[in-house]
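Student: Here is what each chain is made of, one letter per residue.
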Amino acid sequence: MPRWGMAIDLDRCTGCQACVVACKQENNVPFSTPAEAEYGRGISWIKLMTVTEGEYPEVKVRYIPMFCQHCDHPPSVKVCPTGAMFKASPEMGSTVGHVYARCIGCRYCANACPYQIVYFNWNEPSWPEELKLSFNPDKSIRYKGVVEKCEFCDHRQQMAKDRAAAEGRDLRGEGDYVPACVQSCPTQAMVFGDLDDPSTRVYKLAKSPRAYRMQEDLGTEPKVYYLKQGE
Amino acid sequence: MRHFPLYVIWLFLFLAAPLLLAAGSNGSQPIRFNHKKHAGEMSLPCTTCHQTVKEQTYASLPQVETCLGCHAAALTKNPEEEKIRQYAAKKEKIVWKRVYQLPRDLFFSHRRHVVSAKVECVTCHGKMVDLTEPPTRPLVRQSMSWCISCHQEKRASVDCNACHK
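First to last, the sequence lines map onto chains A and B. Each residue of the first sequence is one higher than the one before, starting from 1 at the first, in our numbering. Each residue of the second sequence is one higher than the one before, starting from 1001 at the first, in our numbering.
Note that these hints are calculated values from the structure, not bench results. Because the structure is a prediction, the values reported are computed rather than measured. Don't take every hint at face value.
Stated by the list, open to error - Okay, the calculated bits of chain A under chain B, using three or more residues with CB under 8 angstroms as the criterion: (1) 84-91; (2) 152-163; (3) 178-184.
To be verified - In silico lysine-lysine, DSS-like type, Cα no more than 30 angstroms apart, as pairs: (4) K1154/B with K1090/B; (5) K1097/B with K1127/B; (6) K1118/B with K1077/B; (7) K228/A with K144/A; (8) K1097/B with K144/A; (9) K87/A with K1154/B; (10) K1118/B with K1097/B; (11) K1097/B with K132/A; (12) K1090/B with K1127/B; (13) K1090/B with K1036/B; (14) K47/A with K207/A; (15) K1091/B with K132/A; (16) K1054/B with K1093/B; (17) K47/A with K204/A; (18) K1093/B with K132/A.
We treat Cβ as the ideally placed atom computed from N, Cα and C, and that holds for glycine.
Given the sequences, and given the hints that come with them, work out the whole structure.
Tutor: Structure follows, in structure tokens:
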């Protein structure tokens, strides 16, 4: 059974934000109004953190794609009072999932998450009329009062499992499905697959000496690995 | 309005109930399709009309072309049957109303259940073959606990992420 994880080669990331757009489109993530954005209430399941280093004229900007780290010990799940935020079973890839229907909007998870990637729907999400035609029918549409975050495109996993079952086999550790961000990355900086399967690329990258995880000292055991930039 | 006698409303509803219910069941589908005749008496396989049930997640509802295979010329004097050819002449699609429909945040696959798990249609949809009229409501209430109890029995997944999306 796969344990889904990702490795992101920061040397390859150009900061183009294709992943950010792809994610928004794939997951029916609402647009926010300028007023909401001003309050810091915009929703973006994946966002690009920029880190500026050095001083003019020797400045360097680094880009770090940031989204749910799908911790093996997720603090968000520990504090959820209803079980809406949960750790998926090994058969569903051990990701951190979220059932909107059970969410009561307390936002404990949003505060407990050290990566600050859980978003709250402060308002009834709205879209321009034309864009409603491009909703992805494979993904739910959320509503006011629930939180949301990256789910490693679990809906794609559901369909991949369905295709695999029709072919009478189990889901493979690599190649049967990737999240939308990985698919859209023009430099292939993002690699997705089973962290427990030694034949996958992500397994090898996670073992690379350049690999690190965010705030590793917290013991959250994230399943997203970043490969340090070379100098 | 404060002292409007409430029992008048109840009395009205009670007396009008048969009418209201009949109005609901008539004409709720564009054509009064008869499963008993087609799938029962003629024993057409369900896949004649629900063509994707073994190949896709959805079962699909039939379009005019499927009906025309047999109904290009009149087989009965039933005006409901005539409607098929009217749709064809107008080149319109038949828009069937959905009876079984999960909320949109759920994933369900017919292929998985019908082919891999070999569950019969009747287990989840009741005796459709006995219906002489389109159903106005599900014969089987497909609640979450209903899905889960079969999944537990058959050792299928009960992970929220398997069904919720």
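Student: So which of the earlier hints does this model not fit?
Tutor: Checked against the structure, the hints that fail are numbers 3, 4, 6, 7, 12, while the rest are satisfied.
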